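*Asks:* Protein sequence lines, in the order shown, are assigned to chains A and B. Going letter by letter, the first sequence gives residues 2 to 734 in our numbering. Going letter by letter, the second sequence gives residues -6 to 309 in our numbering.
Hints should not be assumed to be uniformly reliable.
Distance condition first, Cα-Cα at most 27 angstroms in a straight line; then the derived DSS-like pairs of lysine-lysine [said to hold, decoys possible]:
(1) K273/B to K218/B
(2) K32/B to K725/A
(3) K73/A to K162/A
(4) K32/B to K73/A
One-sided excerpt, in silico: chain B residues whose CB lies under 8 angstroms from chain A [unchecked claim]:
(5) A(-4)
(6) F(-3)
(7) Y(-1)
(8) A2
(9) E34
(10) R78
(11) G82
(12) G136
(13) R227
(14) N294
(15) A301
Covered stretches of chain A (chain B as the covering partner; in silico rule of three or more C-beta atoms under 8 angstroms from a C-beta of chain B) [said to hold, decoys possible]:
(16) 148 to 160
(17) 502 to 508
Hints were generated in silico from the structure; no laboratory data involved. Small disclaimer: the values here were computed from a predicted structure and weren't measured. Don't be surprised by glycine CBs; every beta carbon is placed ideally from N, CA and C.
Chain residues, written in single-letter form:
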Amino acid sequence: MRFDKPAGRNPADRGTVLGQPLPRIDGPLKTTGTAPYAYERHDVASGQLVGYPVGAAIAKGRIRSMDTRAAKAAPGVVAVITTLDMDRLPKARMNVAYLFGGRDIQHYHQAIAVVVADTFERARAAAALIRTDYDEDKSTSFDLAEQRRAHQDDEVEPMAKVGDFHRAFAEAPVQLDQTYTTPGQSHAQMEPHASIAEWKDGALTLWSANQMIEWSKQALAKAFDLPAEKVRLDSPYIGGGFGAKLFLRADAVLAAVAARETGRPVKVALPRPLIANNATHRGLTIQRIRIGTDRDGRITAIGHDNTTNTLPGGDGENGAAPTRHFYAGANRLLVHRPLEMHLPESNAMRAPGETAGLMALEVAMDEMAEKLNMDPVAFRVLNDTQVDPDNPERPFSERHFVECLERGAERFGWNERNRKPGARREGQWLIGHGVAGAYRGAPVQASGARVRLKPDGTVRVDTDMTDIGTGSYTIIAQTAAEMLGVPLDAVDVGLGDSDAPASAGSGGQWGAASSTAGVYAACVALRNTIAERLDADPEDLSFADGQVRHGDRRTPLTEVGGGEELVAEDKIEFGDFRSKEYLLATFGAHFVEVGVHAATGEIRVRRMLAVCDAGRILNPVTARSQVIGAMTMGVGAALMEELAVDTRYGFFANHDLAGYEVPVHADIPEQEVIFLEGEDPYSTPLKAKGVGELGICGVSAAVANAVHNATGVRVRDYPVTLDKLLDGLPEVV
Amino acid sequence: MRAFTYERAETPQQAAMAAASTDHARFIAGGTNLLDLMKIEVETPAHLVDVNGLGLDTIENTDDGGLRVGALVRNTDLAADPRVRRDYGVLSRALVAGASGQLRNKATTGGNLLQRTRCPYFYDTNMPCNKRRPGTGCAALEGFSRQLAIIGGSEHCIATHPSDMAVAMRLLDAEVETVLPNGNTRAIPIADFHRLPGDTPQIDSALIPGEFITAVTLPRPLGGKHFYHKVRDRASYAFALVSVAAVIQPDGGGRVALGGVAPKPWRREDADAALPRGAKAVMARLLDGAEPTHENRFKVNLAERTLAAVLAEAKE
C-alpha cells in the first residue's frame, strides 16, 4: 500500500479498540519474569557455550601481540578467538566503529577477544588471563573543547542558511550570544547487549536484543559475507534500547564468530562495565547560540553552531537539528561540526540531536525572554510558526505548539509561578519554576506485516517490528482488532523475527506510527481477500463482533475461510508528499517545579507536567508510559548524567551504574501528561505520530530553567549539579 | 573471578587462624562489596573464610550503658533497632542513607567498615592505581576526581572511604573489637581503625593479617540532637559528595564528623570545640590543610554550607 495522499476516513477511525487506554498485552509475561530475553533463551539451541568479551586497554593504537596461552589452558575453555585471528570484519553503513578483527584500536574497550567456555564463570576467569601488548598512539586529543578551538576556523558548509544571519543579528536591538555544553550520555538500558548465535548448514541464526531487525540482518550478512537469506535474527523481547541496540554490536559479532569457530551455539552479553566504552553513547556537544529579536521579542536572527565528537565516518550529536524548524525568524544560520576524535562511538540515543539541542536552545529562549522582560511562555507563543522557517513554502501538517504551551500553563498554574529568580523560599528550600518547548520530527519508514485469520476466528499478526518496552505488541494487536472487528484477546502478535515481513523497527520515534500503518495495510489486504471470498466489494463490508457484515448478511469470521486459514501480507510505503509538501513533527511543552536547598544546592524536582501534540494517540496508557519514562531520562540529563571523559587516557571513567548516575525513584515526583486531542491525516492511515522521543525533548531545559528561577544562577554546562550553584546561593551563617 | 577455595568458620578465633594461615585469604560476610570486586578481579583472594555462621548477630547492652553490636548484625537490623533509633539517631540515619534496602539487608557491621573505595580508577584494572596495584601510580590525582578526597590523601592516593555508617561511628567514638589469630583480643578506637594512605595506600585499616572483627561497641549515649546530612547528585543510592554527621547539644556544643572528603571518616576533636562559633570556625580547623583537586574544590565550601544547614536546623 502506498500512502501518497492524506488519509481519509477508514475503518481504523472507529476507535473501539484503537485509541483506548488498554494495559499492555505482554505485561503478564514481563511481570512474571517469563518473557524470554536474549541471554536467557536456553531452549532455542542445545549445547550452548558462553563467550566472554575482552576490551582494549587503550583508546588508540595497534595491538603488538596477544598472549592467550594461559587462557586457552584454563579450565573449561573451548576456544579463545582474538581480533588478530581475522581481518577487520566489514561494517554496515549504520555502524561507525569497527566491531572486531585486525590490529587497529579505534577506541577504549573495543572488543579484542572472546573467550569461550562451558560456563560463564570459567569464560570470565580465562578472559582475565589474556595479556596484550600495544603500540599506543598518544598523539590525539580527547578534549572536545581543545579540538573545537583547534578547528574553529575550519570552513564548514552550513546545514541551513536562510536570509542574512550576520547582518540581522548585528542589527537586532536585543541579542543573546551564549555557549552551552552537554556531556556524553549513556543509554544505560536495563538489559545489556546480548546475543546467542548458532551456525547450521552455512546459515546463521542470532537470538539477540536488537531494535532494528532488518538493518541488523543485513549488517550480519555483510560482516560474515553471507546472502541475507542465510541470516535469521530473532528478538521478541528487549529490555530497553534507547538507540543502544539500533545497530549490530560486539555481542552479536563475537557470538557469531565464536559459534563459527567452535561449531556450537555461543552466547555473549556485554558486561556492564564494558558497555559505556565498548558500545555507543550520545556525543558531547558545545553549542553556540545567537538569537536576535526586535524590541517586541520577535526573532529576526537565529544561529546555532554545534560541535560534537565522533569516530571517523560518524556524525555525532547534532544539537542544531531542532533549531532548523522550531521557531520563526527570517535569518538563520545553522552549523554542525562533527570532529573526529577517538572517544568511543558517538551515535543515536533517544531523540538524537533534539535532546542535546533543546537542552541548549530552550535555555537560550529562557535567557532571551529574561532579557526582553517577557513571560517565557508568551515569548515562545510570539515566535511560533505554522510554516517551515527553513522553507516558508512548506507548511506544517499539524502544529499545535501554542496550544501545548497555553494548556500547560493553565494546568500547571504558571501564573502563580515565582517571577523573580531566587525570590521564593520555603524553609531551607528555594522554589523555582521552568518551562521549555519540545520539538521532534515525525519520520516514518516502510513497514510490512502478515496477518492470518485462523479457522477459529482468531488473528495472528507477524512482523519483524520490535517492542523495546514501548508497547508495540499492544498497539499492533489493537490495530488488527480494530480492522478485523475482533476482541483484543483474539489477536496474537509475533514480533522481532526476521522471518516475518520487514518493518520499520524501533528507532527515530517512527516505530509506532509506521508499524501500525504496516499492519493496517496487511489488514486491508486481508479484508480484500475476505471480500473476494464473499464475492463482495470490500468497501461494502464492515467488521465487528467477530463477524463480517455485508448488507443484511452476517458471516462469522470462523466461516469465511471455509475451514482454512486466510493469509494476507502487505507493507506501507510512504510517498514524497509527506516530506516534500508538508513538514511533519511533534510538539510539546514541559513545566517543572524544583526545590533547591539554599545551603547545599541539592536539587529536587517537585512537579512535572508535559503537554504533547503527536497526532492520534494509539494507546494513552503505553504512550503515557513512554512520555513519563522520557521525562525521567530528561531529569537525568539535566541533573546528573555525564560520561566523565578522562582526557589523558581517552575513555569514559565512570563506566558502571555506580559511577554513571541515572535517576532513582526518589528523584522523580508525580508526573502529569496531557495529550492534545487530534489526528494528523498527513502522517499515516492511522493519523498517528510517535511520542517515545518527544517526551525527552526539552525536559532538561525546563529543569535547568526552573533551577535558575529558584536560585538566580544560570548554569550553561550540563549536568546542573550542585557544585555549579554553590557560589551563587545565599550566604549561610 | 579467579578460582578460590572456601571454608566455613566455626568460631571467631578459628576464622582468624584460617585467614592467617592461608595466603591471600579474605573473610566473607554479606559479600556486597567483595563479590563485585572479585568479579572484575580487583580483589583476587585465593581463599574465602565464610563467617556467616558465627552468630555475632545480636545487639547487647554493655555494662557502662552503651551497646555492643555484633559484627554480623545486618545494616538493616542495626538501623531499625529501637535502642539505636532512640539513643544513636545519627547512626541509624547514616545507615539508611547508604546503599539500597536490598544491600542493607545483606551488608554487615564488620563488612561495612571494611568496604573498599569507590574511586573509578580502583575499579578499572587497565588503569594505574596504587591502592589496587602498589607502585603503578595514581590515575585519579590528575583525572576524574570529583568524588575523591580533599584532605588526608597523599601523592599516592586520594581515594575516599565510602561508608556512611563509619562516619557516624567515628562521631560516636565507637571501638572495634577483634580477635587475633593467636586468640588474643583487642579493641581498636575507630579513630585509629582506618588508615591514611601515605605511601602504602593498599592498606586500608589497622587490622593485621587474619585479625577478625567480632563487634563494634558504642559508648554511652551522648544525648543532644542527631543529624546525618548526606549530599549527593541524586536523592538516593549514591555515595556522598559530602556528608555531615553531627550531635549538637542544647548549649551549642557537640561533635561533627565528615564523610566523602577523606580516606577515612574525618573528625578532629579540636574542631568540635569550635562548634559554638559556627560552621566557618569548625571547618577552619576540620579542613585545615585540605588539598583539593580542581574538580573537587567545591567540597570545601559544600562541607561548610552543609554544616551550617545542620546547625540552623539544630536551632529550630
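*Asks:* Let me know if the C-beta of A301/B comes in closer than 8 angstroms to any C-beta of chain A, holds or violated.
*Replies:* With Cβ-Cβ at 4 angstroms, under 8 angstroms, it holds.
*Asks:* Going by Cβ atoms only, is A(-4)/B closer than 8 angstroms to chain A?
*Replies:* 7 angstroms, holds
*Asks:* Does A2/B meet its interface restraint, that is, does its C-beta lie within less than 8 angstroms of any C-beta in chain A?
*Replies:* 24 angstroms, violated
*Asks:* Verify the proposed pairing of K73/A with K162/A, using a straight-line Cα cut of 27 angstroms.
*Replies:* Violated, at roughly 59 angstroms.
*Asks:* Return the status of the interface hint for E34/B: holds when the least beta-carbon distance to chain A is below 8 angstroms, violated otherwise.
*Replies:* 5 angstroms, holds
*Asks:* What's the verdict on K273/B and K218/B, does the C-alpha distance respect the 27 angstroms limit or exceed it?
*Replies:* 20 angstroms, holds
*Asks:* Is the shortest C-beta separation between Y(-1)/B and chain A less than 8 angstroms?
*Replies:* 14 angstroms, violated
*Asks:* Hold the hint about R78/B up to the distance rule: shortest CB distance to chain A must be less than 8 angstroms.
*Replies:* Given a least distance of 21 angstroms, the restraint on R78/B is violated.
*Asks:* Is the shortest C-beta separation between R227/B and chain A less than 8 angstroms?
*Replies:* This interface hint holds because 5 angstroms falls under the 8 angstroms limit.
*Asks:* Within the assertion that chain B covers the stretch 148 to 160 of chain A, do at least three residues meet a Cβ-to-Cβ distance smaller than 8 angstroms?
*Replies:* violated (count 0)
*Asks:* Any CB of chain A closer than 8 angstroms to the CB of G136/B?
*Replies:* 5 angstroms, holds
*Asks:* Checking hints one by one. Is F(-3)/B an interface residue toward chain A, by the C-beta closer than 8 angstroms rule?
*Replies:* 10 angstroms, violated
The structure fails hints 2, 3, 6, 7, 8, 10, 11, 16, 17 (numbered hints given earlier, in ascending order).
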